[in-house]
Amino acid sequence: MPFSVPQRFLCLVLFFLYVPLAFANGPDVIKASRHDASPPLWQMAIGASSNGGRSDSQSPTARATGAMITNPNSDPVAAPLAGPLTDVTLLSNFAGQSAQDNRNLFGFAFRTPGHQWRCRREAVRTNGERNPRGVRQIDGSVAALARPRSTRSGPVSAVSASLVEARRPLPMAAIRSCSTTTWPGDGWVTQLQYDTTFTQTAQCVAVSTSSDATGSYKPLRV
Amino acid sequence: MWPDAYYNTINVFPGKGFAGAEACAFDRNAMLSGASASAICFQQPPTVFSLLPADLDGSTLPPVGAPNYLVSLADSTHLNFFRFHVDFSNVANSTFTGPTLISVAPYSEVCARAITLSCIAQPNPGEKVDGLGDRVMFRLAYRNFGDHESLVVNHTIKAETLAGVRWYEIRKSGGAVRLPAVHGGRSRRELLARQRRYGWNRQPRPGFQRFQP
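One line per chain: the protein sequences are A and B, in this order.
Here the first sequence is numbered in the working numbering, starting from 1 and rising by one per residue.
Here the second sequence is numbered in the working numbering, starting from 1001 and rising by one per residue.
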């Protein structure tokens, strides 16, 4: 029996109502509209192109992705610190981290950068126990490290750790470095350090004293 | 970076509203060979925001066919965990599954999103900066250790009146489909709660710990 006009209309409405919903969770496919290749980097240097004199500034508008996450309960992970801080130069460091913070967190504090800095060879550890895990943290990026099996019995590779010191501006000639021997899988901590007048900077490096990346650290310092 | 694709996520703001995060996989093999490449994307609802795809570390690849993993903040006691399986030859086989909720210790954001963006104090005469506590921070590092697979990630939390950085290890072992478990989930950074300084975005010191039930 053929459908009546109202029935046909109803079917049409239902089709357009439910078909999009049926595919709502499916993937969207974006086809490449043009196969393009960028020019060489040397052609993309600053000043290589003109924007017609237009301003290159932007004014992005902050937009929230949702309500702020809050919890009325106190953080059970946070714990109070104990112990006074002595004999440490208070400097302003990367993102506000101070020497005091370093002392409390790592058991040492990087000291004032300056001419008195010199490299000191750290003793090579000879009893690196096998530990296939480690974590490297450099300026906010986390990398999980694995210790190669070939290094179970000794530090077959000496990794150079740089202790960089420079005055502003930062000419390459002012940078110096020293090295230490580490074990693959050791934990590393680095910190960009500058003084309160922003006239001196230093890249501080610390290496774990064992293959336990959560254990104690030894700074490469004066 | 994943063996089968390059993964990218965005927060979608059509007009003035927020539509949710979108996860896309770009055809890596086609791109490396210079062929025309396509992208397969999954749009999520507004309850899902700021997804972070896993980034491969190490020389041991994930198991063959393993999906890419994605993590985002869910609420004050959970993380969202997603799996993104992409199939460029048969788009219909592509799947985006989740969220699986992973329980974590209670936390609060340190700065209100897009309302009080800048709440982290800086040394004089610096202006306050955004804590970016509304998302897990780059990167979600993945590594296949052979006997288990791990993901590590961190985010900024409110530690009393200040800020701290909390990290998590999400570990999978055994079969390919198992609910991941959080190992660790604590950070010495949170010890900064009683300090008169912020722990925001300073180098957190995550590490792989033994399982602590």
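Source of the hints: derived by calculation from the structure; they are not laboratory data.
All C-beta atoms in this analysis are idealised placements derived from N, C-alpha and C, irrespective of residue type, glycine included.
Misleading hints may appear alongside valid ones.
Said to hold, decoys possible - With beta-carbon atoms standing in for the labels, derived distance ranges:
#: 1; chain 1: B; residue 1: VAL1064; chain 2: A; residue 2: PRO72; range: 27 to 35 Å
#: 2; chain 1: A; residue 1: PRO72; chain 2: B; residue 2: ASP1087; range: 15 to 23 Å
#: 3; chain 1: B; residue 1: PRO1003; chain 2: A; residue 2: VAL29; range: 16 to 24 Å
Stated by the list, open to error - Pulled a few chain B residues facing chain A out of the computed Cβ check, cut under 7 Å:
#: 4; residue: GLY1015
#: 5; residue: ALA1019
#: 6; residue: PHE1049
#: 7; residue: ALA1105
#: 8; residue: ALA1112
Evaluated hints:
1. VAL1064/B to PRO72/A: 27 to 35 Å: Violated, at about 46 Å.
2. PRO72/A to ASP1087/B: 15 to 23 Å: violated, 44 Å
3. PRO1003/B to VAL29/A: 16 to 24 Å: holds, 21 Å
4. GLY1015: violated, 10 Å
5. ALA1019: With a closest approach of 10 Å, the ALA1019/B hint is violated.
6. PHE1049: It holds, given that the least Cβ distance between PHE1049/B and chain A is near 4 Å, below 7 Å.
7. ALA1105: holds, 5 Å
8. ALA1112: holds, 5 Å
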